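S.K.: From first to last, the protein sequence lines stand for chains A and B. Numbered according to the working numbering, the first sequence terminates at residue 307, and the numbering increases by one at each position without gaps. Numbered according to the working numbering, the second sequence terminates at residue 603, and the numbering increases by one at each position without gaps.
If you are wondering where the hints come from, they were derived from the structure by calculation, not from laboratory data. Because the structure is a prediction, the values reported are computed rather than measured. For every residue, glycine included, the Cβ atom is placed at its ideal position computed from N, Cα and C. There may be inaccurate statements among the hints.
[As the list claims (entries may be wrong)] Below, computed lysine-lysine pairings styled on DSBU-like, alpha-carbon distance capped at 35 Å:
1. A:K221 x A:K177
2. A:K151 x A:K32
3. A:K221 x A:K130
4. B:K453 x A:K151
5. A:K32 x A:K223
6. A:K151 x A:K98
7. B:K453 x A:K130
8. A:K130 x B:K265
9. A:K130 x A:K151
10. A:K130 x A:K98
11. A:K223 x A:K177
12. B:K453 x A:K98
13. B:K453 x A:K177
14. A:K177 x A:K98
15. A:K221 x A:K32
16. A:K32 x A:K177
17. B:K453 x A:K32
18. A:K151 x A:K221
[Stated by the list, open to error] Which residues of chain A face chain B? A few of them, derived with a C-beta cut under 10 Å, are:
19. A61
20. V76
21. E77
22. I78
23. H81
24. I82
25. V85
26. G87
27. A90
28. P93
29. L107
30. K130
31. A147
32. V252
33. D254
[Claimed, not checked] Here are some chain A residues the structure puts well away from chain B; computed CB gaps all over 10 Å:
34. L28
35. L54
36. E197
37. H276
Chain by chain, the residues:
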Amino acid sequence: MNEAAIITEGLTKHYGDVRALEDLDLEIAKGEIFGFLGPNGSGKTTTMRTILDLIRPTAGTASILGLDSHEDAVEIREHIGYVPGDLALYPRLTGKELLTYFANLRGGVDWTYVDVLADQLDADLSRKIGNLSSGNRQKVGLIQAFMNKPDVLVLDEPSTGLDPLVQQDFQAILKGVAAEGRTVFLSSHTLSEVERVADRVGIIREGRLAVVETMEMLKQKAIRQVTLHFARPIAASVFEGVVGVRSVDVVDDTATISFEGAMTALLQAATDHHVTNLTSSEADLEEIFLTYYRDPETVTEKVSL
Amino acid sequence: MLATIYTKTVKERTWGVLIGAASVVIMTIFAVWVYADLDDVIAEFADAFPEAFVSALGITTDGGATSIVLGEMMNLIGPLVLGGIAISIGTSAIAGEERDGTIGILLANPRSRTAVLTSKTRAMLTAVVAGSLLIWAGAALAVSLSNTSSAGLFLGPMMIHAATISIFFGVLALFLGSWTGNAALSSGASVGAMIFSFLGAGLLPLVEGWENGAKIFPWYYFNSSQPLQNGLDAGHLAVLWVAIVILFGLAVVGVNRRDLRSGAGAGTILERVLVGRPRLAGYAEKIMGTAQVSNISVKTVSDHQGMATIAAAAIFYTALIMGPFFNALSDALDGLMDALPEGLLAIVGGADMSTPAGWYYGELYSLVVPGAIIAVTVSMGARALAGEERSQTMDVLLVNPIKRSRVVLEKALAMFGMAALLGLATFLGTAAGSLIGGLDISMGNIAAASAQAFGLGILVGAFALVGGAWSGVTRVATYTGVGVALVGWVIASFLPVNERLAEWARVSPFYYYSDNQPLTNGISWANMGVFLAVTAVLIGTAVVLFERRDIRN
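Just chain A, same shape as in the assembly (with noise of 0.2 Å):
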């Protein structure tokens, strides 16, 4: 049987001159939260469009739970819920109406879970759409792409206009799916939050994935910094070598050390030198994020550590 819940082979897709989306080759696992990151315009949404059959490969092939994109899209889409990137609902229906009407296309849709979800978002379903916010709106957006269990979860940038404590909702939401052993494919611009909640992320740049990495991965190549303080002023020197170690700046008794990787060789440097007390910093896996993000050349250099 197929573990995969989305396979991407060679998927490209030119709009003319303009390539979308190149060779992207992707596989993601049942009961995996997916991260997928990229700055504007690099192809997550085109990416997600295509495996839900709205828009068609240039070409290669996607296939959700062994089932391929387009042969068999009708039946992927009693698996799977999704919540596009730039939302838009029936302004003129209520909450309520529209997932009565989506409810109605889809079938099977469990109502008391819905009064749970509306609840755990703290949503609005007896207001017309077209007078919610668009935070608000954003909730009955989750909603239904929630309310039917789907197997698989294709959200677009879902926590758009959510305020940080439904984000917090929302992100447990996340986690109970993915504890179901349901699957997510999540893009998202908000790096924390996808830090917190993805097992792997997959950053994409111009089209074509740059890097899939397991979150923990990321963790120990990202830099953090660790301030140690001695029972008397220390010598920069004594960091000078040990493996992980970026930079030292060194304050008396105080030293400010940057590293990556396990902390083992700085520890065994350090204890030698009599530890007073130490503070380290969470890692800093925005800025791993963000230099996939900016330049080619370092994506090369990274993805090869």
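Fit chain B to the supplied structure of chain A, relying on the hints for placement.
M.R.: Here is chain B on its own, set in the frame of chain A:
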């Protein structure tokens, strides 16, 4: 001042004006050419035209066939096209920017609302004047190509009148949009007012004792003085320009005193008025209908319920009053038709207006009924696919487990339902009008004419659907439907006049609507078969086109 807003608006409208004016010019050249052979025939009958008839059609025979054709084009088609362009610009000036959610960013620039309104209005004036000049030049060209003379015809003054009435309706749309922020209401009400005004100004002078009633309609000040034959009427123009200035002033007041909408997110003045008035809100809700969402067809019908209710009511009541109207006018019409050559009858759909069936046909079924049904079906056909793409809801609709073909078919079914409803309103209104007026038109024939109007409506709507399925752009879809309707109407109206060309009228959908004169002769199953078969082919084409392409985002 505000060169960018002005030039941007003019630039956006350039193609619309060029295409609109070129269409009128091509139609004019075509019609003048078709009619050229008939000059002698018409001259023979020229003196037989009673004033009432001339007034009803806004034409005169002084200049022979050319004059009649130019009168038809410049009294009706020209101002309708230019008025449509003006209404479109007037609507989009403020209400359209609100609908698109761009008004906020526009007004974030250091420009006052009044200045924005003024710039957009200037752009509208420019577009209408440019369109008028093109039509004027085209009309002169048509006359010179036909080797006839334009002596005695005041083409320039005619176009000044036409431009003025067009600007009036454009400013009316501007005024409505400025006060309500509702683009659909602004354009719908202005187009409705234009058509109502045209009918009122044409019909009331025919009714004894009601002649002066026509003066309440702006259209009266446009062409009752017959500017094509008599030149400028400064008094009438002054009335229209005073009204234009007042409407513009009110628009300035309106746009400055209310909260502007931001996309679909904010309520209009109308909605806020309704909030405090439950009874009024109840009536509005009844007209608009509560949203029905059980499937795509039902929801689509529900989406268009407001427009269809108004169109059905308008058709019903117009059809209803035509019965008693006929009795009031029968003296004026009596004998008139015998004096008219067949070619001229073609303009009113070949109707003998001295008989009840002919009267209904000439006044209602030749233009108003097909116009109203086509307006609804083209709107539905255009919005079916392209409209969902424009509003970006197609993505969430299509990720439901349904085939694209089902979306096309269910939307088409909704369009059929709405066309059937309007056909029913036509039937009921005519039947009631006939009974009240004691006109004794066969119920079967009324049903036949209504059925053929339904057939015409779904066929033209299907063209708009194909346009949307192919392009995903509502404008392309609408132009496809409207283009087929206009060209079809011109072909079916003018080609039969000329024996050499008469057979070619069969390419027009209108031919199958009116050729057998269903109100007089009953239904033509062959013609109905043509409607249904061609519509089926078009919908099949729409399915194939829509299945094959990318959804626009």
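S.K.: In ascending order, which of the hints set out earlier in this document are inconsistent with the structure?
M.R.: 3, 8, 19, 32, 33 and 35
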